[in-house]
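Okay, here's what each chain looks like letter by letter:
There are 2 protein chains.
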Amino acid sequence: MEQEYASTLLETAVNELSRLPGIGRKTALRLALHILRQDEKYGIELGEAIINLRNGIRYCTTCHNISETDTCPICSNPSRDASTVCVVESVKDVMSFENTRQFNGLYHVLGGVISPMDGIGPDQLEIESLVERVANGGVKEVILALSATMEGETTNFYIYRRLGTLPVKITQLARGVSVGNEIEYTDEITLGRSLLNRTLFSESFNQHLQ
Amino acid sequence: MEQEYASTLLETAVNELSRLPGIGRKTALRLALHILRQDEKYGIELGEAIINLRNGIRYCTTCHNISETDTCPICSNPSRDASTVCVVESVKDVMSFENTRQFNGLYHVLGGVISPMDGIGPDQLEIESLVERVANGGVKEVILALSATMEGETTNFYIYRRLGTLPVKITQLARGVSVGNEIEYTDEITLGRSLLNRTLFSESFNQHLQ
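Keeping their order, the protein sequence lines are chains D and V. Going letter by letter, the first sequence gives residues 1 to 210 in the UniProt record's numbering. Going letter by letter, the second sequence gives residues 1 to 210 in the UniProt record's numbering.
Keep in mind that the hints are not guaranteed to be accurate.
To be verified - Here are the computed lysine-lysine pairs in the DSSO-like style, where the Cα-Cα straight-line distance is at most 30 Å:
| hint | chain 1 | residue 1 | chain 2 | residue 2 |
| --- | --- | --- | --- | --- |
| 1 | D | Lys41 | V | Lys26 |
| 2 | D | Lys92 | V | Lys92 |
| 3 | V | Lys41 | D | Lys26 |
| 4 | D | Lys26 | V | Lys92 |
| 5 | V | Lys26 | V | Lys92 |
| 6 | V | Lys140 | V | Lys169 |
| 7 | V | Lys41 | D | Lys92 |
| 8 | V | Lys41 | V | Lys26 |
| 9 | V | Lys41 | D | Lys41 |
| 10 | V | Lys26 | D | Lys26 |
| 11 | D | Lys169 | D | Lys140 |
| 12 | D | Lys26 | D | Lys92 |
| 13 | D | Lys140 | D | Lys41 |
| 14 | V | Lys92 | V | Lys169 |
| 15 | V | Lys140 | V | Lys92 |
| 16 | D | Lys140 | D | Lys92 |
| 17 | D | Lys26 | D | Lys41 |
| 18 | D | Lys41 | V | Lys92 |
Claimed, not checked - Take a look, some chain D residues computed to stay more than 10 Å from chain V by CB distance:
| hint | residue |
| --- | --- |
| 19 | Glu16 |
| 20 | Arg30 |
| 21 | Asn55 |
| 22 | Ser67 |
| 23 | Thr84 |
| 24 | Glu132 |
| 25 | Arg161 |
| 26 | Tyr185 |
| 27 | Glu188 |
| 28 | Leu195 |
| 29 | Asn197 |
| 30 | Arg198 |
| 31 | Leu200 |
Hint data in this document are derived by calculation from the structure and do not stem from the laboratory. This structure is a prediction, so every number in the text was calculated from the model and none was measured. Quick reminder that beta carbons are idealized off the backbone N, C-alpha and C, glycines included.
Can you make the complete structure from the sequences, with help from the hints?
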């Protein structure tokens, strides 16, 4: 039976909230009633934060990360190494790599990976702009940091071929046993790769101390 | 490690979204990035819907249900039976009872139940206004429709005592086996109550047909 709301304002808010991922109509109603139970200030601040987010955020013209300016703070930071470009799927991945504090180069956000099943081809991704960026010179290394899935590997290979003629070193993230994971539960392909690409114990020991 | 956001607008939106119940910082970030990926229109509409909700909704001065006017559409509907008042915990419960389409009386929203553990006493609930409403006359029956929990029963009993001297019939929701539930998984107290309050089969048959 169709839920009836006492108010069209409530109904509109529930409609809009339930368009968020993972939020159905029941949760949306719970959220809306929660907002009503809070200080009046909170609902206004939440609404304004969303509108400001939507109005204020644009994409960096160089790396396609989100930014409040034409060039994002990472690309415009002179202390970062502009000769190394880490290619990632999404804005969220940029945050994840930034959180590691292990990378001082720049990024290039593709906006996804090639996935024929989802109708995503190379043209919908920021691959052309990556090729241009490398062709313009100054980039010595491109790190492919896409998911270790079929789609990610396909995209890696496509980019590798597109950059093939340009004088740039192309690397990819190490494949291996995840830190904290047990060997027993690690799949065989990963185990095989981790064996082939084994590293000197003394080196990993030093990395640990960093 | 503290998550770093590329933008203060994003950080503010994540902060506000993560104050919603059941939404942590990771989910809030996912929602914010989702909003950014959608049409510009959507973020604006969502934000405005929340602000309009917060600005436009008030509480009915009679029954304390949410309303866009001083008296809610239920209380101001002349075709509803003003002599029967159903006492419920929350605005959500009003919607649930309205969805049954079995009730044509009015409501009284308490705003919770008495719960000393959560520091909620009778003074924080709309009990005084219920007593006044009944004392003003015109109400023939008060239906106690609170949760069948310790707190609900306590509140039922408190209201029963407060209304004790007034000439009004006080009823409560039937306790029994939930429709669709198996006897095997129904607790003994409910089974006992359902046995004591058994109804004529021919009557329940007629209710089924309604």
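These are the hints, each one checked on the structure:
With a C-alpha separation of about 24 Å, the suggested pairing of lysine 41(D) with lysine 26(V) holds against the 30 Å cut-off. Using a Cα cut-off of 30 Å, the hinted pair lysine 92(D) and lysine 92(V) is violated, with the two alpha carbons roughly 36 Å apart. Between the alpha carbons of lysine 41(V) and lysine 26(D) the distance comes to roughly 24 Å, so the proposed pair stays at or under 30 Å and holds. For the proposed pair lysine 26(D) and lysine 92(V), the alpha carbon gap of about 10 Å is at most 30 Å, so the pair holds.
Between lysine 26(V) and lysine 92(V) the CA atoms are separated by roughly 28 Å; this keeps the pair inside 30 Å, and the hint holds. At most 30 Å may separate the alpha-carbon atoms for a hinted pair to count; lysine 140(V) and lysine 169(V) meet this at roughly 6 Å. About 22 Å separates the Cα atoms of lysine 41(V) and lysine 92(D), which keeps this hinted pair within 30 Å; it holds. Proposed proximity of lysine 41(V) and lysine 26(V) is supported: the alpha carbons are some 24 Å apart, at most 30 Å.
For the hint pairing lysine 41(V) with lysine 41(D), the CA-to-CA distance comes to about 24 Å; that is within 30 Å, so the pair holds. With a CA separation close to 21 Å, the supplied pair lysine 26(V) and lysine 26(D) stays within the 30 Å bound. A threshold of 30 Å between alpha carbons decides the hint, and for lysine 169(D) with lysine 140(D) the separation of about 6 Å falls inside it, so the pair holds. For the given pair, lysine 26(D) sits about 28 Å from lysine 92(D) by alpha-carbon distance, which is consistent with the 30 Å threshold.
The hinted pair formed by lysine 140(D) and lysine 41(D) fails the criterion: a straight-line CA distance of about 51 Å is larger than 30 Å. Distance check on the hinted pair: lysine 92(V) and lysine 169(V) sit about 25 Å apart at the alpha-carbon level, within 30 Å; holds. As the CA atoms of lysine 140(V) and lysine 92(V) are separated by approximately 25 Å, the hinted pair is consistent with the 30 Å bound. Under the criterion of a C-alpha separation no larger than 30 Å, the hint pairing lysine 140(D) with lysine 92(D) is consistent with the structure, at around 25 Å.
For a cut-off of 30 Å, the pair hint linking lysine 26(D) to lysine 41(D) stands: about 24 Å separates their Cα positions. The straight-line distance between the Cα atoms of lysine 41(D) and lysine 92(V) is roughly 22 Å, inside the 30 Å bound, and the hint therefore holds. Once the 10 Å rule is applied to beta carbons, glutamate 16(D) is inconsistent with being away from chain V; the minimum gap is 4 Å. Non-interface status of arginine 30(D) relative to chain V is broken: a Cβ of that chain comes within 10 Å, the nearest being about 7 Å off.
A beta-carbon of chain V comes within 10 Å of the beta-carbon of asparagine 55(D); the shortest separation is about 8 Å. The Cβ of serine 67(D) sits about 6 Å from the closest Cβ of chain V, inside the 10 Å cut-off, so the non-interface label is violated. A cut-off of 10 Å between C-beta atoms confirms that threonine 84(D) is not in contact with chain V; the least separation is 19 Å. A cut-off of 10 Å between C-beta atoms confirms that glutamate 132(D) is not in contact with chain V; the least separation is 23 Å.
At the 10 Å boundary, the C-beta of arginine 161(D) stays outside the reach of chain V, the nearest C-beta of that chain being 28 Å off. For tyrosine 185(D), the condition that its CB be more than 10 Å from all CB atoms of chain V holds, with the nearest at approximately 23 Å. Separation of glutamate 188(D) from chain V is adequate, the least Cβ-Cβ distance of about 31 Å exceeding the 10 Å criterion. Look at leucine 195(D): its CB is around 31 Å from the nearest CB on chain V, clear of 10 Å, so calling it non-interface holds up.
Every C-beta of chain V lies more than 10 Å from that of asparagine 197(D), the closest at about 27 Å, which supports listing it as non-interface. Every Cβ of chain V is farther than 10 Å from the Cβ of arginine 198(D); the closest lies at roughly 28 Å, confirming the non-interface assignment. The beta carbon of leucine 200(D) sits about 27 Å from the closest Cβ of chain V, which is more than 10 Å, so the claim that it is off the interface holds.
Hint compliance for this structure: hints 2, 13, 19, 20, 21, 22 are broken, all remaining hints hold.
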